[in-house]
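> Here is what each chain is made of, one letter per residue.
Number of protein chains: 2
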Amino acid sequence: MSLPEILNKLFAHIDGNHNKYIETLAEAVSIKSISAHPKHRDECQRMIDWTQYKLETLGIVCEQVNIGMQSLPDNSTLKLPNVLLGVTKNFDPKKKTVVVYGHLDVQPAEYSDGWETEPFKLTLRDGKLYGRGASDDKGPIIAWMNAIEAYHNIGTELPINLKFVLEAMEESGSLGLNKMLISRKDWFDDVDYICITDTAWLGNEQPCISHGLRGLSYFRIEVECASKDLHSGVFGGVIHEALTDLIHLMSQLVDCNGKILIPGIYDDVEPITPNENEIYEKITFDVDAFHKSLGTPGKLLYDTKIALLQHRWRFPCLSLHGIEGAFHESGQKTVIPKKVIGKFSIRTVPNQSTEKIEKLVVDYINQKFKEWGSPNKMKCFMSHGAKPFNENPFHENYLAATKAIKHVYNLEPDIIRGGSTVPVTLYFQEVSGRNVLLLPLGCSDDGAHSQNEKINLRNFFDGSKVLASYIYEVSQIE
Amino acid sequence: MSLPEILNKLFAHIDGNHNKYIETLAEAVSIKSISAHPKHRDECQRMIDWTQYKLETLGIVCEQVNIGMQSLPDNSTLKLPNVLLGVTKNFDPKKKTVVVYGHLDVQPAEYSDGWETEPFKLTLRDGKLYGRGASDDKGPIIAWMNAIEAYHNIGTELPINLKFVLEAMEESGSLGLNKMLISRKDWFDDVDYICITDTAWLGNEQPCISHGLRGLSYFRIEVECASKDLHSGVFGGVIHEALTDLIHLMSQLVDCNGKILIPGIYDDVEPITPNENEIYEKITFDVDAFHKSLGTPGKLLYDTKIALLQHRWRFPCLSLHGIEGAFHESGQKTVIPKKVIGKFSIRTVPNQSTEKIEKLVVDYINQKFKEWGSPNKMKCFMSHGAKPFNENPFHENYLAATKAIKHVYNLEPDIIRGGSTVPVTLYFQEVSGRNVLLLPLGCSDDGAHSQNEKINLRNFFDGSKVLASYIYEVSQIE
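The listed protein sequences derive, respectively, from chains A and B.
Residue numbers for the first sequence follow full-length UniProt numbering, so the first one is 1 and each next one is one higher.
Residue numbers for the second sequence follow full-length UniProt numbering, so the first one is 1 and each next one is one higher.
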């Protein structure tokens, strides 16, 4: 397939401006927009302001939306950073319109956490740009700027309308975003597609597009046996201990092979479709490298590529996370805790319903507690429920992205899913009713929430080309 | 039984000096001898010095023994407070000799913890002296001083020799004490009996003498599934999770009714002797008040006095304490912890052997893990083992204490045991080979390790009389 002439020009322009892109990313990385830290809240807002300035120079009309206050654990309140909305100037209703979502805040980072470079000073080493936010998610947002600027600089008008929703609270639960989106629902009336550039490839070589994520149902089991913590020497042997009850209940949830023991839990899981295994078979995934990266001392639950990917993406799983209220420090303490709270969650998949999962789990735990026979107070409930995200990967929005990737990498992207839960995918799906595309630019080893976060030069520059191509391919959709 | 003339005089003297005793206790309480806090270490040593001064004015020849350094968690070291040894002047080999043990350090306390008075300012309210250490264990030590002073002031020579072992690290594991006692083993050659005034009555009205304590075998189960904590969305569903394994193993230890499920664990428990239930029947113990004080929402494991006391004192029990390495905070986190450590302990009783208990538990957990079938790394071991303490309550030392209590309270003390583990009881039993008496002066509601610790005026003054009587009764032993 020969490259359309316009893409040749755009790619040549992008290839001639590497240093400028790096400088822009360095500026963005230097702003410590850590949303988790109240003391960095000004930096979050500064990052919004900086981005507004950059977008405006590219012909994007911007608006900052005040989304209210955050309640802190100490009962004080703190203003949330504004959400930045943007629309390309000279909005043309005859063109297709894409909403771009990204986030400008970052995870906490300190040199002393084990970074090899200063986290807020972008550093080039061996073809990789190290710095907090380089991959998650400042780099991809700057790749959008690069793509738009390339159109301007080759003297071509953008062939589609772009709208932006950029927030600075994503790493802290996207506080306030969904409410704002709902209140601005009509802003999506003239939108055709959504594009989210905020996840990563499955591996480090093969470009990917993602069309599904698992949901999350988070549960608490609370058991109470006394009005105060008790000394196990003085009182051990005469009371039904809350932790004994809780450990029993938590032991009834999943077996050694990861099978969830709650009756009916698998009933609504989408059956494997006739040609589904072929899709997985085509995906680039190295089982041995994956196993090695986890550092698990023994076998994994599955040893084939298809089974591993399906159980990470399209089958539910249950993980026990821990217990609040029990002794958790190092050393030893002889306590009978008065009240303990077990935490576990189920990753849900289509077509499981959050409401049904909640009922199945709570009924099961209540039944098990009845059979156990303890007279203690017990309560099981779902503290958080987010639905799975699933999108049609054969939709024209996905096909445009597939073509865009082929133009740049000269190969078909893997159509993947993800196992984790990104609530914004659902927010956009529900508020807009449009197809939502997850178009990741970075690699799985970018270390998004870890030390030494980086984006490869290749992914940054070729990612800018992918977005320029995607803009072109969307414009070609009939 | 009419009171011997000497006791009449001693009691009259004690009754005439209440204010002086309160002043002395106030001085002692004002010294913040918190052994857990390195910053208060000087105060611990000051408490030793203060006590030496007081004992010397009472004719006790004192010696401070350097017991070396403490290693702190940050790898620094800190000098331990000296142990104070004392011997009555003009030691007479023809008289009986009693070693008195007590401790001069206290638990941490802050007004902001929920105290109603300043914890280090002794405060009299409603017949109770509030202050940290008032009952545990400064009050009882000052009661000894009061008893000795009473003998002096009525012009009578002490009819027995007294030796003192007073430490200031009891609340921090009696660091260095046992080693020192062993190195001074010959110091016990001329000793007849040991008397420890450092526990409490079973209730708040009935005086008690205690002759038994349970032992403690503390276990850890460590399970490891990965080289780093994993995101449950990204990795849930494909690995054997360490916490699933651990919760399963911990669920195999004890049933809902407190029965330990480890085969053989009860084999060596001393059978109930023919007249044992009668002993328990005589003890003053209010089942309803006990139940209410715990604040348990449902039934206790037993509902009769005999069963409750026996299961607190003379039967073993197993308590789960908590898990290290899992998520323990409030809120929610979707983590698969890489390594988790379960903690539980068994309170042991005569004639259980610590070595056999360790083998039974470790073999059982290893077997259960094999049956479970997880490929993860698992290790179960005993991190701490202390034997149960048991003493002959019909020994002349106990009979002397019984008579002493009758002189003061005009009733028979209850001969009780305790459920917790006080290692110094075993240290003295083993190093001296002598009968060890636990002679508590305070009430069960004194709040030894809680907010608003107190000693009742009655217990403080009558306790001083009990000790004066005990000195007399020991002198009468043939």
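Be aware that a few hints might be false.
Sample of chain B residues facing chain A (criterion: CB under 10 angstroms; computed from the structure) [as the list claims (entries may be wrong)]:
hint, residue
1, Ser112
2, Pro263
3, Leu309
4, Ser420
With a straight-line cut-off of 27 angstroms between C-alpha atoms, the simulated DSS-like cross-links for lysine-lysine are [what the hints assert, rightly or not]:
hint, chain 1, residue 1, chain 2, residue 2
5, B, Lys406, A, Lys339
6, B, Lys406, B, Lys128
7, B, Lys305, B, Lys179
8, A, Lys377, B, Lys39
Since the hints were derived computationally from the structure, they do not count as laboratory data.
Where a beta carbon is used, it is the ideal one built from N, C-alpha and C, also for glycine.
> Now tell me if each hint is right for this structure.
Results of checking the hints against the structure:
1. Because the beta carbon of Ser112 of chain B sits about 16 angstroms from the nearest beta carbon in chain A, more than 10 angstroms, this interface hint is broken.
2. Evaluation of the Pro263 of chain B hint against chain A yields a violated restraint, the C-beta minimum of about 19 angstroms exceeding 10 angstroms.
3. The closest approach between the C-beta of Leu309 of chain B and any C-beta of chain A is roughly 9 angstroms, which is under the 10 angstroms cut-off, so the hint is satisfied.
4. For the restraint placing Ser420 of chain B at the interface with chain A, the shortest Cβ-Cβ distance is roughly 3 angstroms, inside the 10 angstroms limit, so the hint holds.
5. In summary, the hint linking Lys406 of chain B to Lys339 of chain A is not supported, as the alpha carbons are separated by about 42 angstroms, beyond the 27 angstroms threshold.
6. Note on Lys406 of chain B and Lys128 of chain B: the hinted pairing holds, with a Cα-Cα distance of about 23 angstroms set against a maximum of 27 angstroms.
7. For a cut-off of 27 angstroms, the pair hint linking Lys305 of chain B to Lys179 of chain B is broken: about 40 angstroms separates their Cα positions.
8. For the hint linking Lys377 of chain A to Lys39 of chain B, the alpha-carbon distance of about 41 angstroms lies beyond 27 angstroms, and the restraint is violated.
Consistency with the previously given hints fails for numbers 1, 2, 5, 7, 8, ordered from lowest to highest.
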